[in-house]
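Student: Sequence:
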Amino acid sequence: DLIKRMVDEGHTVGNHSSTHPSMPSKTSNPESFKKEFADTAKAFKDVTGKDMPMFFRPPMGEYSEKSLKMTEELGYKSIFWSFAHKDWETDNQPGANVSHDRVINGVHNGAIILLHAVSKSNTEALDLIIKDLKAQGYTFKTLEDLPQ
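Residue numbers for the sequence shown, in our numbering: 248 to 395.
No lab work stands behind these hints, which were simulated from the structure alone. Please read these numbers as outputs of a predicted model, since none were measured by experiment. Idealized CB from N, CA, C, for every residue including glycine. Possibly wrong hints are sitting among the right ones.
As the list claims (entries may be wrong) - Subject to a maximum C-alpha distance of 27 Å in a straight line, what follows is the list of computed DSSO-like cross-link-like pairs (lysine-lysine):
id, residue 1, residue 2
1, K273, K388
2, K297, K324
3, K316, K367
4, K378, K316
5, K316, K282
6, K273, K292
7, K333, K273
8, K289, K316
9, K289, K388
10, K324, K289
To be verified - Restraint-style ranges between C-beta atoms, simulated for each label pair:
id, residue 1, residue 2, range
11, K292, K378, 18 to 26 Å
12, K333, I377, 14 to 22 Å
13, E278, G384, 44 to 52 Å
14, G357, K282, 29 to 37 Å
15, L249, D298, 12 to 20 Å
16, K292, L393, 19 to 27 Å
17, T386, V345, 24 to 32 Å
18, L393, E256, 29 to 37 Å
19, D298, K333, 28 to 36 Å
20, S265, K381, 32 to 40 Å
21, K388, L249, 19 to 27 Å
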């Protein structure tokens with residue numbers, strides 16, 4: 248299983264909700280809001296045997312003050328990206344070279360790069376992206392390395 252392999256390889260796998268809703272739309276029903284986290288955390292534990300790291304990326308990057316507060320009350324730290332390109336449309340992939348160039352040209356110090364796993368272009372470009380960013384002096388850190 249991919250998730251188990253990712254964890255075994257030392258990657259941080261955070262929560263992204265179970266049904267990918269706009270989280271502000273869930274704040275009027277606290278139980279439904281909480282279920283988005285709990286269902287994913289349970290599935291993670293069932294697959295890995297471990298508790299899910301307490302990081303959450305809101306679907307579509309949509310949030311409100313209330314959804315951020317409710318997320319924090321559940322013990323999660325909200326994580327946002329600082330660079331993304333339109334890579335989630337599986338039927339409109341730009342190709343590995345375009346994905347590579349977009350990332351290389353858009354990255355900045357301290358970047359949190361959002362790359363969707365459903366993107367064939369990203370999958371094909373990722374090794375070269377990592378190699379080229381390292382050659383430029385960038386290093387890669389986990390979410391656990393972020394300042395508190």
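Student: Given the hint that K316 pairs with K367, test it: the Cα-Cα distance must not exceed 27 Å.
Tutor: violated, 35 Å
Student: Should the hint that D298 and K333 are 28 to 36 Å apart at their CB atoms be regarded as holding?
Tutor: holds, 33 Å
Student: Run the distance test for K273 versus K388: straight-line Cα separation, threshold 27 Å.
Tutor: Violated: K273 and K388 sit about 31 Å apart, past 27 Å.
Student: Are the Cα positions of K378 and K316 separated by 27 Å at most?
Tutor: violated, 38 Å
Student: Could you see if the CB distance from T386 to V345 stays within 24 to 32 Å?
Tutor: holds, 25 Å
Student: Between K388 and L249, does the beta-carbon spacing fit 19 to 27 Å?
Tutor: Cβ of K388 to Cβ of L249: about 22 Å, so the range 19 to 27 Å holds.
Student: Regarding L249 and D298, is the given constraint of 12 to 20 Å on their beta-carbon distance met?
Tutor: holds, 19 Å
Student: Does the alpha-carbon distance linking K324 and K289 stay inside the 27 Å limit?
Tutor: Given pair K324, K289 holds - Cα atoms ~18 Å apart, limit 27 Å.
Student: Quick one, are K297 and K324 close enough, alpha carbons at most 27 Å?
Tutor: holds, 18 Å
Student: Between G357 and K282, does the C-beta distance stay in 29 to 37 Å?
Tutor: The hinted range 29 to 37 Å holds for G357 and K282, with Cβ atoms some 33 Å apart.
Student: K273 and K292 were given as a pair; does the straight-line alpha-carbon distance stay at or below 27 Å?
Tutor: holds, 24 Å
Student: Given the hint that K316 pairs with K282, test it: the Cα-Cα distance must not exceed 27 Å.
Tutor: holds, 16 Å
The structure does not agree with the numbered hints 1, 3, 4, 11, 18 stated previously, though it agrees with the rest.
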